[in-house]
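Q: Sequence:
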Amino acid sequence: MFKRRRFKQQLTLQDRLTAWVKQVKDDAAKLPPGPERDALLKKARQAEMANHLHDWVKSPGLQPPK
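The sequence shown lines up with residues 340 to 405 when you count with the working numbering.
Hints were generated in silico from the structure; no laboratory data involved. The model shown is predicted, which means the values in this text are computed figures rather than measured ones. All residues carry an ideal CB built from backbone N, CA and C; glycine is no exception. Be a bit skeptical, because a hint or two may be false.
Distance condition first, Cα-Cα at most 27 Å in a straight line; then the derived DSSO-like pairs of lysine-lysine [what the hints assert, rightly or not]:
id: 1; residue 1: Lys369; residue 2: Lys347
id: 2; residue 1: Lys382; residue 2: Lys361
id: 3; residue 1: Lys342; residue 2: Lys364
id: 4; residue 1: Lys364; residue 2: Lys382
id: 5; residue 1: Lys382; residue 2: Lys369
id: 6; residue 1: Lys361; residue 2: Lys381
id: 7; residue 1: Lys381; residue 2: Lys405
id: 8; residue 1: Lys369; residue 2: Lys342
id: 9; residue 1: Lys382; residue 2: Lys397
id: 10; residue 1: Lys397; residue 2: Lys347
id: 11; residue 1: Lys405; residue 2: Lys361
id: 12; residue 1: Lys381; residue 2: Lys369
Pair by pair, the computed Cβ-Cβ distance ranges are [to be verified]:
id: 13; residue 1: Lys361; residue 2: Val396; range: 42 to 50 Å
id: 14; residue 1: Leu350; residue 2: Leu392; range: 35 to 43 Å
id: 15; residue 1: Lys405; residue 2: Gly373; range: 47 to 55 Å
id: 16; residue 1: Ala378; residue 2: Gln348; range: 24 to 32 Å
id: 17; residue 1: Pro372; residue 2: Leu392; range: 23 to 31 Å
Using the sequences and the hints given, assemble the complete structure.
A: Given below as C-alpha cells:
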C-alpha cells in the first residue's frame, strides 16, 4: 500500500481563500469586460461566500439543534 504524504498547512483555509480572492480580483481588473472576467469574478464571489458561511457556522451565537 502507498503511504499518504501529509503536511500541515501554514495558513488556514480562510486565509488562503482571502489571498486567492484578492489575486483573482486583481487579475480580473486587468481583463476587459467579457465572459472570462465575469467567470473570475463569479469564482471570487463564491470563495467570499464560503468564508462568510464559515464565519457564520463558527459564530458563538449559533445554537445547536434541540
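Q: Give a verdict on every hint.
A: So, going through the hints one by one against the coordinates:
1. Lys369 x Lys347: violated (34 Å)
2. Lys382 x Lys361: holds (11 Å)
3. Lys342 x Lys364: Measuring from Cα to Cα gives roughly 38 Å; hence the hint is violated.
4. Lys364 x Lys382: Between lysine 364 and lysine 382 the Cα gap is close to 10 Å, so the pair holds against 27 Å.
5. Lys382 x Lys369: holds (16 Å)
6. Lys361 x Lys381: Between lysine 361 and lysine 381 the Cα gap is close to 13 Å, so the pair holds against 27 Å.
7. Lys381 x Lys405: violated (36 Å)
8. Lys369 x Lys342: Roughly 43 Å separates the two Cα atoms, so the pair is violated.
9. Lys382 x Lys397: Roughly 23 Å separates the two Cα atoms, so the pair holds.
10. Lys397 x Lys347: holds (21 Å)
11. Lys405 x Lys361: violated (39 Å)
12. Lys381 x Lys369: holds (16 Å)
13. Lys361 x Val396: 42 to 50 Å: violated (23 Å)
14. Leu350 x Leu392: 35 to 43 Å: violated (19 Å)
15. Lys405 x Gly373: 47 to 55 Å: holds (50 Å)
16. Ala378 x Gln348: 24 to 32 Å: Holds: the Cβ-Cβ distance is about 27 Å, inside 24 to 32 Å.
17. Pro372 x Leu392: 23 to 31 Å: holds (29 Å)
Checked against the numbered hints listed earlier, the structure breaks hints 1, 3, 7, 8, 11, 13 and 14; every other hint is satisfied.
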